[in-house]
Structure formats: structure tokens, C-alpha cells
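**Student:** Can you build the whole structure from these sequences, using the hints too?
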Amino acid sequence: MKEGFLHKKDIGPFYKDLKKDYKVYRVKKKGPHYVFGEAPDFWDPGEDYIPTILPPKKYLQPQEETLFCMALAPRPSLKPKIEAPPQVIFGVRPCDISGISLTDKVFFDTNVDPYYKARRENTTIIGIDCLRPCDKDCFCSTVGSLDVKEGFDLLLTDIGEGYFITVGTPRGEKLLQDFSKARKPSEKEKESFLARREGRKKEYPYKFKTELSNLPLLFTSNWEHPVWKEIGDICLACGRCNLVCPTCYCFDTFDAMDVSLREGERRRQWDGCLLAEFAMIAGGVNFRTQRSQRLRHRFNRKFNYQMAKHGQSHCVGCGRCYRACLVHIHPVEVVNRLAEVKHD
Amino acid sequence: MRNVLNADCRFWISALVAEHQGYSIGALPPMLISLRIRNEVSDLAKPRVAFFSFSCCEGCQLMVLNLEEDLLALAEHVDIVSFREAMTEHPPQADDYDIVFIEGSITTPSDLKQVKGLRERAKVVVALGACATMGGVNMMKNLIGVDKAKEIVYGDKAHYFESIPTMPIDQAVKVDYYIHGCPIDPDEFLEVTKSILIGRRPRIPNYPVCVECQMKENVCVFDVGKVCLGPITRAGCKAICPTYGHGCEGCRGLVDDPNASSHKNLLTEHGLTVEEAVERYKMFGSGWKFVI
Numbered sequence: 001m002k003e004g005f006l007h008k009k010d011i012g013p014f015y016k017d018l019k020k021d022y023k024v025y026r027v028k029k030k031g032p033h034y035v036f037g038e039a040p041d042f043w044d045p046g047e048d049y050i051p052t053i054l055p056p057k058k059y060l061q062p063q064e065e066t067l068f069c070m071a072l073a074p075r076p077s078l079k080p081k082i083e084a085p086p087q088v089i090f091g092v093r094p095c096d097i098s099g100i101s102l103t104d105k106v107f108f109d110t111n112v113d114p115y116y117k118a119r120r121e122n123t124t125i126i127g128i129d130c131l132r133p134c135d136k137d138c139f140c141s142t143v144g145s146l147d148v149k150e151g152f153d154l155l156l157t158d159i160g161e162g163y164f165i166t167v168g169t170p171r172g173e174k175l176l177q178d179f180s181k182a183r184k185p186s187e188k189e190k191e192s193f194l195a196r197r198e199g200r201k202k203e204y205p206y207k208f209k210t211e212l213s214n215l216p217l218l219f220t221s222n223w224e225h226p227v228w229k230e231i232g233d234i235c236l237a238c239g240r241c242n243l244v245c246p247t248c249y250c251f252d253t254f255d256a257m258d259v260s261l262r263e264g265e266r267r268r269q270w271d272g273c274l275l276a277e278f279a280m281i282a283g284g285v286n287f288r289t290q291r292s293q294r295l296r297h298r299f300n301r302k303f304n305y306q307m308a309k310h311g312q313s314h315c316v317g318c319g320r321c322y323r324a325c326l327v328h329i330h331p332v333e334v335v336n337r338l339a340e341v342k343h344d
Numbered sequence: 001m002r003n004v005l006n007a008d009c010r011f012w013i014s015a016l017v018a019e020h021q022g023y024s025i026g027a028l029p030p031m032l033i034s035l036r037i038r039n040e041v042s043d044l045a046k047p048r049v050a051f052f053s054f055s056c057c058e059g060c061q062l063m064v065l066n067l068e069e070d071l072l073a074l075a076e077h078v079d080i081v082s083f084r085e086a087m088t089e090h091p092p093q094a095d096d097y098d099i100v101f102i103e104g105s106i107t108t109p110s111d112l113k114q115v116k117g118l119r120e121r122a123k124v125v126v127a128l129g130a131c132a133t134m135g136g137v138n139m140m141k142n143l144i145g146v147d148k149a150k151e152i153v154y155g156d157k158a159h160y161f162e163s164i165p166t167m168p169i170d171q172a173v174k175v176d177y178y179i180h181g182c183p184i185d186p187d188e189f190l191e192v193t194k195s196i197l198i199g200r201r202p203r204i205p206n207y208p209v210c211v212e213c214q215m216k217e218n219v220c221v222f223d224v225g226k227v228c229l230g231p232i233t234r235a236g237c238k239a240i241c242p243t244y245g246h247g248c249e250g251c252r253g254l255v256d257d258p259n260a261s262s263h264k265n266l267l268t269e270h271g272l273t274v275e276e277a278v279e280r281y282k283m284f285g286s287g288w289k290f291v292i
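So the sequence lines, in the order shown, correspond to chains U and C. Heads up: the first sequence at position 241 corresponds to 241 in my numbering, and the numbers run straight through without jumps. Heads up: the second sequence at position 2 corresponds to 2 in my numbering, and the numbers run straight through without jumps.
Everything labelled a hint here was simulated from the structure, so no lab data went into it. Some hints could be false.
Stated by the list, open to error - Cross-link-like lysine-lysine pairs, in silico, DSSO-like; alpha carbons within 27 Å at most: (1) U:Lys23 <-> U:Lys181; (2) U:Lys136 <-> C:Lys150; (3) C:Lys216 <-> U:Lys23.
**Tutor:** The structure is reproduced here in C-alpha cells:
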């Protein structure tokens, strides 16, 4: 079954069924925002959704995790620690699905990260499709992350009476087969799905003043553009843009001895390239002391270096960094400032 | 046994951190290295640790006491020779100390004399808490003026009291380590103490409170109509105030390279006047250099 249909009244039982075998996370309300978390019953904000404070990367690469434990007695020893309970992240939007599939590319590239790999392999992603932009600040379709083709096990698209389900992996297919109320979609339901996917295109205007494929060259050729100093002057270097970004995966590693001084752990913690000491190396040398340099680096990571390497924008257009930015630095505005440059 | 442990520990740690940037042994203060060598080559007693207090509420010593079992575990490695807050019997002042934790700020001529004496008798001096690291709330006296402050507090008896402008400890003597906060975070106290004992640099954040706050997925207090010094204040407190819905007051001091002018604009954008914004920085003396 490569496609499926689930009636809206059956999604609650589907969620409950999943909870028997997995830790299940879904979108919840937190103050004026949303977050992913555990909840007894299914709920989804539907069209009211705006991206959660943190993306679901927190379940694949936690904010802080132990890599191995070390002990001095009876003789020095190391013991790796990998925790990867089977989990389902329910209601992941296309931008975050793209974020996960881009992070997969990074962590499964030449150096496979065993910690990420263990979690990723034990994680089922059930997506919920977007049919309208969540707010004025998202630009997922502009960077090509609305029409997702990978990164999910199941993708649910609301077609009125129920959800049209696109199956992404054999694991997703099995989940669907195991749930008796899911069935194959009718021709009419498939048509309705295709019509909605087609119809949403006009809802998502293209927001860049240049072709997406131009971006790597645009960023390379605008290394000295005045916009870097302008945003560097207002940037607080708080690192929130890094932390809320679905494709920022950098981390800092450190050792923590316990108070006995006989045992300890090596841990890692999220880091961010906007933070002052991110590029500090041994001897105290820092090769990105200026905020403008750090911002330029971050933008190049999203629209140039990684994009040139993987052929896809590493900004997924979720708009989280802009919503989190206290001084209102908007990636679309930065790209368009560069795009306005006239070349002879 | 302990000496063997220390030797092992050093071999162990250096092997583990060899690849690890920023923990170069050469970067340690010389006095620390001598402390370590002393432990290795002789059967001298455990490092002698003392706590002393100047102008403050002694809340930071209380935070150390709150460590309870961890404090007992720590006591296996050190001799705590003076700790007024914790001891029923107060031993006479010792001749010298390996590590002295100094709490509070210097506000009188006699404080100044005492702290200089302590420095002479201590191998390592650690400033404990906001009053010691940056003056803390006591810094407000300097903004008011010493004479005026004396008059407000002591009225017509002001002339009985000697008072000098408030100083953080490092304005009076050299300080080797800083444990920030009002009050300190007990885990950071442990981090610094353990690091001194095993001879490595403690891991003290130089990133702002926003990092810890965002990692906890808190709702930003700016989003609910409040203001916060978190974007430029040094983290390490686990963002405890914003976690409970209160804007950061800056008790841990600013990060090394704060964008204070942009932050001031941020506060005014969120409804504060420039004067009110500046008042915020004054509370713990955190934005001292930006206020003057």
C-alpha cells in the first residue's frame, strides 16, 4: 500500500494504538506558541499551526546528551552510552520533514554519527501536510521544502472527510497495514488530494528576487556586501536563530567529572555559530570575532556551502529564526538585499 | 591512595582532553600547577579550603551548604578549615590556605585590609557570587554616592561609620576564578571546585541566558509583554528566572562581548524609556561599564 486513507474519526484511535508500542510526541500548545511533547490523546492545531518553538530535532539530537561514561577504577575504562527508545513524532510539517531529511544527509554522510543514527532508525515520522502558509513569515515553498518526497514514514494530507496518506517507507506501510481502519483511497479521494496539492501552489508566492539555484553564487560574490555589517550591528549574538533552526546541528563536546573525581561522562550540547566562542580554537584564537562575520557564516551555511554540497537549500523556510530574532533579522530580506546588487 | 588517584586522574584527563581544544594545561595559572605537584610528591594533607564573607547576605555560602551530599563527597578531597555558615565551632584563622572562596564585596577600609591579608595567605582565590565578582547590589551605593548613602542608612550617626565606594574583589586583589550569580548556581560551584582540584579550566559559559532559555523551549518573556536582560547576560543559571516567567535581571554579569546598544534599543522598543532601560543594568552592577 503506497497510499492510504484514514477517516478523521479514526485518527484518535490510530494515535492511541501507536502509544501502545512507542513514545509518541505531537504538537501541543505552550503559551502563545506550540511545542512538541507527550500527550494522552490526539490533537492538532490544523490551520492555526505555526512552527513549534524548537523543531523536532530535539528528539533526534537532544539539547544535551551523554556520549560515553568513564571510570578510573578498577582501571580506566570507557563505556559508550546510546539511548534510542522507539518513538513516533506525530504531526511533523513539511518544513521540519525537510529539516530532518537534510540533517540525515549531514549525519549519514562520510562520518556516520552513531548517536544520531540510533535515534533516527528508531524514530517514525508521521507528517501532516500544509495547505496554506502558516503565517506571513514562512517561505517553505520558496526554498523547495513544501513538496517533500523523503524524510517521513507517513504523510497525512487533509482532504476534508479524512486524511489522504502518502507512504514514505516500508516502516510507514507496515504501520498502516497494522491499523485495521486505514484503507486504500478511492479514485475520488486521490483526485481530491491532487487537486488540493495543486491548489495550494497559488497560496505560496515565491519570495526571493532571484532564482533559488543562483543563491550559492550570489552569496559567494557578495562576501563584502554592506548588509553583513548592518545586521551585525543589531545582532545580539544570542544564538536563538541557531537553536530553533531545523537544520542547525552543531554541538560542543565536553567532559564532566562527577564529584567523586573517580567517574565522569563525555557529553555534548547544542552549539551555535552566532555565539561568540563558537569559532574559538586552542590558544584562544577566534577566527570569527565579529557578529557580522558570524551572521555571514550562518547565511552561507544555509544558502551556499551546504546547498552547493547537497544540491538543496539548507534553509527550509520555516521562519523560526525570524520569529525568534529579537532584532528582526529576516532571511528573505537578507537574500533580497543581495539579489538587488547590479552586476555589470 | 589519594596521590595515586591524582596521578591516575591527571594521566587520564590529559589523555582524554589531548584532542580537546581550550583545555591546554599550559593555560592554567602557575599556582595551580604547584598545587597539583605538591599533591603528587608529598604526603601533605588535603588542600585546605576556606570560606570568607564581606558585604553580602551570605546566601551564596548557603547555596554551597545546599549541596548537602555532594558537599560531603567533596569533603573527601579537601579539608574545609573555615566555613562560618556551616561550622558550630569556629577554628582560629589558619596561616595559609590552598583555596579561599570569598563572598561579598569590599565596602570598608577594614574589608580592604582583610582581603589583602587573605590574598597573601591563599594559593587560589575564588570570587563567590555577584557581590564578589562584580559588586552586586552593593554597587548601587556608588551610583548614589558614598556620603549620601551613609546619610540614608545611618542618618545623624553616619559619622560613626567608615565607608568606601563598593569594590568587587578583583578591584582589591587578584582573583583566579569567578563563580557568578545572585545567588550562585551550586552546580557551577562544583564545576569550578572540581576543576581547580584536577587542574583544568572550568567550563563557564560565555554565551547569553537566551541559549539556556531556548534549549528549555521556554516562551520568550518578550513575547508576553515583559523585558529581559537574558540576551546579553552570561548564562550558567539554567535560565531560572525566565523559566518561571520573570525577565532576567542580569545577576551573572554580561557576556564578554555584549551588544549593549542594540539591547538598549530592544528594551525601548518594548516600552521602556532609555532611563528605565539603564536602571535595569544598574541593579546588579552588571552593565556597570555601560552605565558610567
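**Student:** Need the list of violated hint numbers for this structure, in ascending order.
**Tutor:** Checked against the structure, the only hint that fails is number 2, while the rest are satisfied.
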